[in-house]
Every structure is written in structure tokens, then in C-alpha cells.
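Listed below are the residues making up each chain.
There are 2 protein chains.
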Amino acid sequence: MTLDKYTEVYLPKIKHYRQDLSKQVEPYLPLIKNIDPSKDEHFNAAVEIEKLLSPKELKITGLTTRELIDKQLQNELTAVDIYNAFSKRGALAHIFTNCAMELFFPEGLERAQELDDYRIKNGGKLVGPFHGIPISLKELMKYKGKITNAGYVAFLDNIITNPDDESLTIKILRDQGAVFYIRTSQPQTVMHLDTQNNITGRTTNPFNTKISPGGSSGGEGAAVALKASVIGIGSDIGGSVRVPAAFCGIYGIRPTTKRLSGLGSLSGGAGQESIFATQGPMTNSIDDIDYYMDAYINKGKPWLKDPNIIPLEWKLNYQLDDTITFGFLTTDTIVDPSDSIKRGLSYVQDKLTKFTGKKCIVKTINLDHELMENAYKQNKQIYGTSKPTHDEILNKSEEPILPLTQVFLNFANENGNNILTNNIVKEQTKLYFHQLFENESLDFIIGPTFTNVAEVPDNITHWFYSSMFNLIDFPNIVFKTGLTHDSNVDLQGPSNMTNYNPNDYINAPIGLQLTAKRFEDEKLVACVRLLDEVLGL
Amino acid sequence: MTLDKYTEVYLPKIKHYRQDLSKQVEPYLPLIKNIDPSKDEHFNAAVEIEKLLSPKELKITGLTTRELIDKQLQNELTAVDIYNAFSKRGALAHIFTNCAMELFFPEGLERAQELDDYRIKNGGKLVGPFHGIPISLKELMKYKGKITNAGYVAFLDNIITNPDDESLTIKILRDQGAVFYIRTSQPQTVMHLDTQNNITGRTTNPFNTKISPGGSSGGEGAAVALKASVIGIGSDIGGSVRVPAAFCGIYGIRPTTKRLSGLGSLSGGAGQESIFATQGPMTNSIDDIDYYMDAYINKGKPWLKDPNIIPLEWKLNYQLDDTITFGFLTTDTIVDPSDSIKRGLSYVQDKLTKFTGKKCIVKTINLDHELMENAYKQNKQIYGTSKPTHDEILNKSEEPILPLTQVFLNFANENGNNILTNNIVKEQTKLYFHQLFENESLDFIIGPTFTNVAEVPDNITHWFYSSMFNLIDFPNIVFKTGLTHDSNVDLQGPSNMTNYNPNDYINAPIGLQLTAKRFEDEKLVACVRLLDEVLGL
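Chains A and B are the protein sequences, given in the same order. Sequential numbering from 1 applies to the first sequence in our numbering. Sequential numbering from 538 applies to the second sequence in our numbering.
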């Protein structure tokens, strides 16, 4: 029997890659010598990690970007202090959830030291708005001098040798003082709302190892929730920022496309332009999203390097009107969400109705089933357009096709897509939603991010709660409700699920999706600030 | 022998349509009783029309939008005065060049009267920034209560009965006080850089009836050059604003897409999104373009109704830096332009070099032939994507396929397009041009709009001088050089032409194309003001 190409050529590469990754966390293993995550199938990494930290580390990693910048300016913290606290959490986060694809602690430390030295030599001046801020990066962002594999075994040799090819976002953030030490996991083909690949395996949810952290930016979801970084850079073409944000109980924005640059990202989706991907920051505080967008857009000016980016200023600290109208979306008309999601929606609706700080009008919105069904069909076909490229890359290494990869590859229309129909239905849907906002005088739509709270991986097949907004390019933020799944009351699963077990989802946070009209990204941020207040977070 | 569908069903409709059009100009026919255009194959309508006007009419139709607004505010002119002067020119323009597809003089007059009445009742107040301004409209813009056929015989019954379906631009301009009375001609399928259809026939060049006015907004080109309106609304997906602007000696902007709305336009290109069409105003003065963009964008706020439009403010009276660098493009590396175009480029280059009012640096730029060849191939294939829709509409009426329609239909790849390759090459080309601007420190590129000055129709097959910029969505303005074709010196035609006769192009203006980076639309306007000064226009 001869070995196949995957076994012979690629398994050794995978082994080597994993060894490099494991080696990075070796110094941290003594910290967890008394913990055995395998003893609890619902292991809660978030709780366990906090037990392993000093009060100072806890305090530092609880600060926002602006606070960390201020503490440095006041000489209360150094970049090295900040780095040490976050990187310790990063190591533990990876040990417990397998959220990293690459770790480079020595470089991170060196960079933090260099930033501290810069301040000493420059009268306390900061390099830029991210001076000393640990930012985690989704693996598909090309990083100079490092392998970028985008979750494909075939790209395990793909070292970014030309610095010009590096992700523009990485360049902008580095120029603004960011500290990098962790690149986070993503699924094979990037087209799962889960995080599993053949290189580093599966990433788990930070609150319950039985369930998924979401995906495709699932490594970011886990890393940010566990405070491995202040800000994580995800990307989203069908829910890949928002689903992990919801599953991991953090904030994540999918801004209107072409405000943040994806230049220098590796993906099998190149050339598919009916739905554009966008990057989006994922954070523990809504202030961090506002801060990030302001610094990246207004100071980073990505349009100077990326001709696809719109030179539209970010309006920091956007102010909402005195009266706000919310449309509540409880079903996409195709799959009804679980009890926990429904409970989250009712809870927020109730809190808004009772809120006295602002006039909040609440409505229920009902979508046209026929339109939505056709929109979902076209939506999937559009994703399927890039199947030939994915097939080619997968075939190159002969790596096993993972179950959720197969789900995605099946989106492609066997007889080839009709791109004209795809786009015409997309535009109809876009106009339909625009007019829905207009006719109902809506400021925002609140709805599910996914059919359920953080889900067991096999069930993550229905993308439409998130992907409908990629189709029409209306921006969203996932926000926290403060609630978690309750196995005693959330007895009913999503309508497409037959194997729902309410006990699977212990500790799973209930995150919901807020949507505004195109280019109203700042208004979304302002509204999440309001929601945090309304919900007492 | 039985009659075919076209002859039996559609020819009577065409006859009826033409009769309606002719009837509108009947009252004006006595004006031209001593003129027989057919006696001169190079008949110059522009010169002849001016002989038929009173000094007052000449004066009014020589004013810019801002001047016409000021004259109304100063009570020196009424909307009816303005309407009468422009509409007389419009009637004559149509008689000589066949530039209209629909004329509705009584409605225009009624509207002008209504606007005057409004001022009387409202203490002299204007309805909006286009109060009393005659604006001509390309036929494909859906007009409530009227047929919109987009140059297709099959759409001769397509009356826009629901006012909501009307072109958003028409609604915005009407709300701002514009006066409509002329809808202008366009070619079959809209995809010619010439203007001929089976409904109203061929439109001719205002300076020389033997040559084309360009297209597809060729009716606008002729109408605006002959001052039937102050501003003409064209649209451009491959050169359709710029080629007629160049051929007719006027200004025309193709702004970055998604600043002006095309909502409510009729075309066979729906769903083709790799290259977006955009509207663009065509004018006799660069000030009118600046004025139009400011009023339409900043006051019209098209994004409130059209979710595809970017809420990016128009910067009126943009100021250029003290030093400006121009890259001169003399060939697209595929077809070399004619002597007249080369002479125009040399002339502008020379004037810029000698100009002392600002530091103008002039460079020659050379494009990568291999990239450009591939880009043009993909460019044509992208246009060809919509062939099935065009075929279907053409088949419906069985109207004859015009020669330039066949050229366009042949763009389609027989084996079906690879949309991924189309878009990947597009993005490579976009980045290539962006980096060309950056590496050469260019502010602008000046180059041909087309391979020749206004051309005889059959030769209008090479689109790439204009369409390369649709492919990469870099904005352009066509500007006047002040020169015209000279049959004594412009002896050599474009390199793809075997039947060039320098005597064909008598009086043809030499218009060139100015290009800036994406979203630098205002900078283009400012530069054309500078060029007007440099060239003494």
C-alpha cells in the first residue's frame, strides 16, 4: 500500500506546525497542572482562567483601549505590563480552547519593549492610537515573514516573503503601535460558522467546551472573550464576525463593506463580488469598537492604499435622536430560532419598552416569506460561485473535506449560477429592507444572530440570520443581552433541529444582532451604548 | 407571404412614436425653411442654429446654471424666458441632429409658468437649486406617465404608470425645480459608443452630420452641445457619457460609481455588477458640473432612497495643491489613437509645461501591455455577461440587430464567462493603476477618450480608452482642448482603421479625458477649471 499525498507530504507539515504552536505554550503548562478540562464536558475556560490571574493582571485585562492608552500616558502602565497580562491570558486561552493558529510570544514581548523604549526616547510620546495594545489577528491576514494558510493544508508552505503583500490592516495597526503575538484559528475554506480545520483541529467555546465558539472568526471569538487581546480582527462574509461574537458573548461589528480594508487577505473566495467580505473588530466593550473604527479609518486612511475603500470619515461618539424605533425580527420565515433566542428578544423588547432615558418605540416586523426564501437560495448560490477555487485548493493537498465544508460546497448550483438572477434578487431584497426601514420609520432591527445560542458544531448549517445582511450589505453589531441559556426554561430548539438537548448549552451567552441601514455604522455603535444602558451592562 | 412580427406588430408602433415626435417640432419648421441640411454632408448644426436666434435667446442660452438662477433672483429673467430660449434650440437641435426620443413642449412651458407663479406667491423664493433650469434626460430614465423604451422596440408600450417607479434622479431634479421637455436618444441595447436605434433612427453630430455624436448618451451630447438644455443627464458603463462629450465638444463627468443614483433606469444590463453604470451630467461649462453635483448630492441626498448610494458629501469649489503632476497616456497599448488626438495631447502637454500660474509637472506613462490586453478581454466579457437579457428583449420584437449591437453581443464569451477571473483581473488592474498614481506621484492622467475625434459610426468598435476606467471605477471628466480636427495635418487615423479619411472629420472638436483616483471626483472638477485657464477657454 502506498501512502496518499496527504499522509505522505502534508501530515508531516501539519505535525511540524502543531509542534511549533505547542512549544509556545509549554512555559505556561505548569500554571494549569491542577486543572483537567477533559473532566468536564462543559468546561468553562472563562471562569478557570480568571482564577489563575493576579489582581493586577485581572485589572489590566479589564481595561478598554482608551483606558490602557491613558494609563500609559500617566505612566501607570508600560506596554510590557500590558503585554504580559494579555499574553498570559492568551496562552491559557489557547491551552483551553485551541484558539490560536500561531503564537509568537518572544516577538510580542520585544515589540512591547520597543514601544516602551520609544516613549522614553521621545518624551513620553506614543507611536499612535494603538500604542502597546495587544490586537489578535485572524489567520487569513497575510503576515510578513510568517506562514498564512487560511485554514488550508495546501498553504502550509505559504510564507509571506514580500512585505508589500502583508495585510494592509496589519500595516496600519502596526504603524499605530499595536502589539501582535497571536494569530487565531479559522475553519477549512473559512466558510463555516464554526471553527475546525485539518491543521490545528477544533476550537471550543470559552464558556463550554462542548459547544462551538462560532466561526469563521471563532479563534477571535474565544481569544477576545478570554481577553487574550483587547481587540480581535475578524472578517465576515456570511456571519463570520457576528456568529462568534454572539456565541462567545462579546461585541462584533460587521460594518458596511468598503470602510475597512481586506487587502492582503488570503481566501478561496477571490473574484466572487456579489457579496463582499469585510473585516470587523471584536471586543469586550463597545467603546473599543468606536475607538478602533475612528483610529483605523480617520487616522489610518486605508483608501490611500486600497482603491476599494470609501474615504468616508468615521463619526466618533455619534449621538442618537431622542426617539428611537426598533423593529423586532423573530423569524427569517425559514427557520424559527430556539427558546433561548426568543427569550433574549422578549427580554430586550421589554427592557426597551420600560426604559425612561429615551423614547424607545418597539414594533414587530414580518418579512415576506417568498422573497426571503428566494433571497436565501440566491445567497447560497452566490457563496457557491467560488466552489471551483476551493475545490482546487482542497484537491492540492488531498486533505479530508470536513462536514461543514461539504455543507458549504453544496451551496453551489450544480448547473452553474445565474449571476444575473443572483444579483437582481439581491438588489430586490436590498430595496425591500431599505423600504421596510422607511415605511415603518425604523432606526434599527433587532433579531437573532443565529438560530440558537452557541451551538454544537454539526447543527451550524442555517446561515441566513447573519448572511441575509451580507447579501444586502446592511451593517450589524452583535451585542450582549447579559442573559445566558437556561436549560430549565429554554426547552425548544430551532425549528430545523431534531436533536436539540437544552443541557448542551450551559453558560452559553445570548447575543443578539442589531442592524441599521447601509453606512449607518456609527449609529449602530451609539445604539449599542444605549442598549448597554437599557440592559444594565 | 405572411408578415413577420416586427413588421406587423412593431412597425406601426414605431410609426406612431415617430409621428408624435415629429408633431412636436412642426411649429418650428418654418424657421428653417431656407436651410437644407442634406445639401452639405458635413452640415454644421451648431453654426446654423445660432443664426436663427435672437440676441436675447443667444444670451440666455449662453448662461450657466448659477447665472440663470441669479438672473431669476434679480428678476431679470423668468423661468418662461429661460424655457422659451432653450426649448427653441431644442426643437432646432432635434430637427438637425435627431437628438430627441421624446419632446413635450407644452408640459415644459406649463412647468416653467408654474415655477414663475410659485415665486410670485412665495415672495420671490425659488423651489430649489434647479428652479427654471431646463435639464435634458437620457431616454432610459423612467419618466412617470411616459413610455420608457431604452432604445428597444419591445418596450414601445412600456408606460411608467406607477410614479414610484420613476427615476430617482428625475424626482430629485423635479423637487429642486428643474424643467423637463426633452428626453434624448440612445442606441439599441444602450451598448454602442454611437447613437442609433430602430425607433428613431440615427442621431448625428452637431458639428458635422457625417459623423457620430458618440454614444450611448449621444442624444444628450448633441442636445447639450446645441444648448437645448443647460445640463444633460447621461449614463456611462463603457464610455457613454464621455465619448459623446468628447465627440460633441462639451464637458461630461463619469463620477466614481455610487455617488449618483441610477435607481429607476431601464436597461438590459440588470444583474451585471462587475462593472457598474453611473449617471453623469454633461454641460457646456465646468461650473455646471460642480453646481449639479453639489445640489444633487448634498441637497438631494440620494442615499435616503437608494441604498446603493454612498453618503459622501460633494466638496464644492475644491482647491488644488500648488503643484500638480500629470501623467500623459498616449496609447492603451492595443490601438494607437489618430493624429488629431495625438496633436491634442501634445498641445495640452505643451500648454501645461509653459503655464506659470501653478507648477504643472508633466510625465509620460506607459502601461503594461500584457495586463492591459487581459484587462480588455475581461472588460468585454463582463459586458457580455448580460447578453442573454439583451437577446431576450431583442427577440421579443424581432427587431433588426444593428451592426454595433452585434459588435457588443460578440463581447460575450461563447463558453460562458468565468466571473471569478473577470473580477480577479479587474482588481489586479485597479490596484495596478492605483499604484501607478502612487509610484509616479500622479495627481491626474490625461489621455484619449476614444481612438479618434468624433468618428464615422461603423468604426466605433474599440471601447478601451473609456471602458478601462469603468473596469477599475476611476472617475473621469472629458474636457475641451479648444482645438478641432485639421484635415491638413491629421493625416493618420487610429492604428486599427484602414478606411481613415481625414476629410470626414471637419469641425470635429478634440476632447480629452482626465482621470483621477477613485472618489477624487471633486479634484477632477477643480483640475478642469485649471485646464480651462491653461488652455485659454
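Hints are supplied without guarantee of correctness; some may be wrong.
[To be verified] Here are the simulated DSS-like cross-link-like pairs (lysine-lysine), alpha carbons at most 27 angstroms apart as the crow flies:
(1) Lys144/A - Lys305/A
(2) Lys550/B - Lys258/A
(3) Lys299/A - Lys852/B
(4) Lys842/B - Lys363/A
(5) Lys305/A - Lys1060/B
[Stated by the list, open to error] Counterexamples of contact, computed for chain A against chain B with all Cβ distances above 10 angstroms:
(6) Gly123
(7) Asn308
(8) Leu320
(9) Asn507
If you are wondering where the hints come from, they were derived from the structure by calculation, not from laboratory data. Positions of the beta carbon are idealized from the N, C-alpha and C atoms, including for glycine.
Right, here's what the structure says about each hint:
no., hint, verdict
1, Lys144/A - Lys305/A, "holds (17 angstroms)"
2, Lys550/B - Lys258/A, "violated (46 angstroms)"
3, Lys299/A - Lys852/B, "holds (20 angstroms)"
4, Lys842/B - Lys363/A, "holds (22 angstroms)"
5, Lys305/A - Lys1060/B, "holds (18 angstroms)"
6, Gly123, "holds (32 angstroms)"
7, Asn308, "violated (7 angstroms)"
8, Leu320, "holds (17 angstroms)"
9, Asn507, "holds (39 angstroms)"
Against the hints set out earlier in the document, violations occur for numbers 2, 7.
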